[in-house]
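Student: Chains as they are written, first to last, in the working numbering: chain A, 1 to 118; chain B, 1 to 112.
Calculated directly from the structure, the hints in this document are not laboratory data. Hints should not be assumed to be uniformly reliable.
[Said to hold, decoys possible] Heads up, simulated DSS-like pairs for lysine-lysine below, C-alpha to C-alpha not over 25 Å straight-line:
1. B:LYS69 / A:LYS66
2. A:LYS55 / A:LYS14
3. A:LYS14 / A:LYS64
4. B:LYS99 / A:LYS20
5. A:LYS64 / B:LYS99
6. B:LYS99 / A:LYS55
[Unchecked claim] So the derived list for chain A, only partly shown, Cβ under 7 Å to chain B, looks like this:
7. SER43
8. LEU44
9. PHE109
[Stated by the list, open to error] The following residues of chain B were derived to be distant from chain A, with all beta-carbon distances above 10 Å:
10. HIS7
11. SER14
12. ALA16
13. ASN24
14. SER26
15. ASP54
16. LYS58
17. LYS71
18. ASP85
19. THR86
20. PRO112
As the structure is a computational prediction, the values presented were derived from the model and not from experiment. All residues carry an ideal CB built from backbone N, CA and C; glycine is no exception.
Take a look at the letters that make up each chain.
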Amino acid sequence: GAVVSQHPSRVICKSGTSVKIECRSLDFQATTMFWYRQFPKQSLMLMATSNEGSKATYEQGVEKDKFLINHASLTLSTLTVTSAHPEDSSFYICSARERPRGLQETQYFGPGTRLLVL
Amino acid sequence: AQSVSQHNHHVILSEAASLELGCNYSYGGTVNLFWYVQYPGQHLQLLLKYFSGDPLVKGIKGFEAEFIKSKFSFNLRKPSVQWSDTAEYFCAVSGGYQKVTFGTGTKLQVIP
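Here chain B stands alone, though its shape is the one from the complex (with noise of 0.2 Å):
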């Protein structure tokens, strides 16, 4: 069975902060690895996907997340957040042709 496991519930930074947040997983074989965004009243957006070759993956709007096999894991970063990034951030592993297993987000919250 796969798993994922999102470190922070709630992120709270200034605008211009950086931003890691943090997503790890639980999976025996080749995975496919992703970040949703679901900003205010909005729904859920694909942020950025990996599913093989670089390890660094970019997204949309500045961000980009890293896979580490060794670590199970594949944090999202943004170097320099702003207002509108506040949203609800959520991982999400698929194995194969199995369905996509989601972590239980993260709220970012960014104070101008």
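Okay, chain A solo, but in the shape it has when bound (with noise of 0.2 Å):
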């Protein structure tokens, strides 16, 4: 099946450093991938979905900024925190979709990123 992976799993960081997460589709090709945020007891939260070789598109109140997302070759994205502050502590995770096969599309996610800023 298709396997999404996640780097780092767990990171801690001093408030104003920033910190890179890297996506990545292990044995397919994702032409989008999808950035979450999960806060504890809460369901995931769309952040902005990124398209490989062109600009993310941020859901309305991400900071696009803040997080900024690269979606450079067809099984890499990266979600870059800027300047991080113990308000973005939380669980990213990323999700990948196959190139598109008309609307039967799935989601595939990876184990998810722990951020923790000191």
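Relying on the hints, combine the two individually framed chains into one complex.
Tutor: Here it is in structure tokens:
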């Protein structure tokens, strides 16, 4: 089956520093990747949609200058949390969607990255 | 805009009991529906999905879900749960090429 990996799985950083999270589709090409944030005891909140070779589309309320997304290849998307603050501490999850096949598409999720900003 | 609501936030069952988790969605057009499961300490996994055809969908591990268009529902069922089914279950909906919207999740605790 389709596998999505994330690196790192856990990161602790100081306030004011930047953190980069990688999302890779291991055995398929993903024209679209999604970045979610999951707060404790809450559902996944979509932050942005990343299309290979183009700018990411951010959801309302998500600061694009704060959360930089790059989707440089069909197998890699990165999320950089710039000038991180304690309120950015969360669980970040990426998902990848294979090349479109009509309307029948499935997202495959990565294992998530736990970010703790001190 | 699409939305998903899951009625039960926390369900506790004994082993061998039957399970039904409610999911209702809101979207005016053709939808794709999903149930994802997140076991403790693990990432989200697809349990089953509905795109078209038979409204009764069978997934992994004995789970099934029924799409009832008139009720905008996609309830998840399992006739006999096991302790290993303890997890959080998310219903999700996608309209056409749109993003997937998740429900708030239902935590299932199965007592041996």
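Student: Are A:LYS64 and B:LYS99 close enough, with their CA atoms no more than 25 Å apart?
Tutor: 18 Å, holds
Student: Check the non-interface label on B:THR86: least C-beta distance to chain A beyond 10 Å or not.
Tutor: Non-interface label on B:THR86 holds, nearest chain A Cβ at 16 Å vs cutoff 10 Å.
Student: Given a cut of 7 Å on the nearest C-beta pair, is the interface hint for A:LEU44 held or broken against chain B?
Tutor: Hint on A:LEU44: holds, closest Cβ of chain B at ~5 Å, below 7 Å.
Student: When you look at the beta carbon of B:HIS7, is every beta carbon of chain A farther off than 10 Å?
Tutor: 14 Å, holds
Student: Non-interface claim for B:ALA16: all C-beta distances to chain A beyond 10 Å?
Tutor: 28 Å, holds
Student: Are the Cα atoms of B:LYS99 and A:LYS55 separated by 25 Å or less?
Tutor: 16 Å, holds
Student: Are B:LYS69 and A:LYS66 close enough, with their CA atoms no more than 25 Å apart?
Tutor: Between B:LYS69 and A:LYS66 the Cα gap is close to 40 Å, so the pair fails against 25 Å, i.e. violated.
Student: Close enough to count: is the Cβ of A:SER43 nearer than 7 Å to one in chain B?
Tutor: 4 Å, holds
Student: Has the given pair, B:LYS99 with A:LYS20, been kept, meaning a C-alpha gap of at most 25 Å?
Tutor: The given pair, whose Cα atoms are some 24 Å apart, holds under the 25 Å limit.
Student: Confirm or reject the statement that B:ASP85 sits farther than 10 Å, beta carbon to beta carbon, from all of chain A.
Tutor: With a cut-off of 10 Å, B:ASP85 remains clear of chain A, as the shortest Cβ separation is near 19 Å.
Student: B:LYS71 clear of chain A by more than 10 Å, beta carbon to beta carbon?
Tutor: Consistent with the label, B:LYS71 stays out of reach of chain A, its closest Cβ about 22 Å off (over 10 Å).
Student: Against chain A, does B:LYS58 hold up as non-interface, every C-beta pair farther apart than 10 Å?
Tutor: 16 Å, holds
Of the hints listed earlier, those the structure fails to meet are numbers 1 and 2, in rising order.
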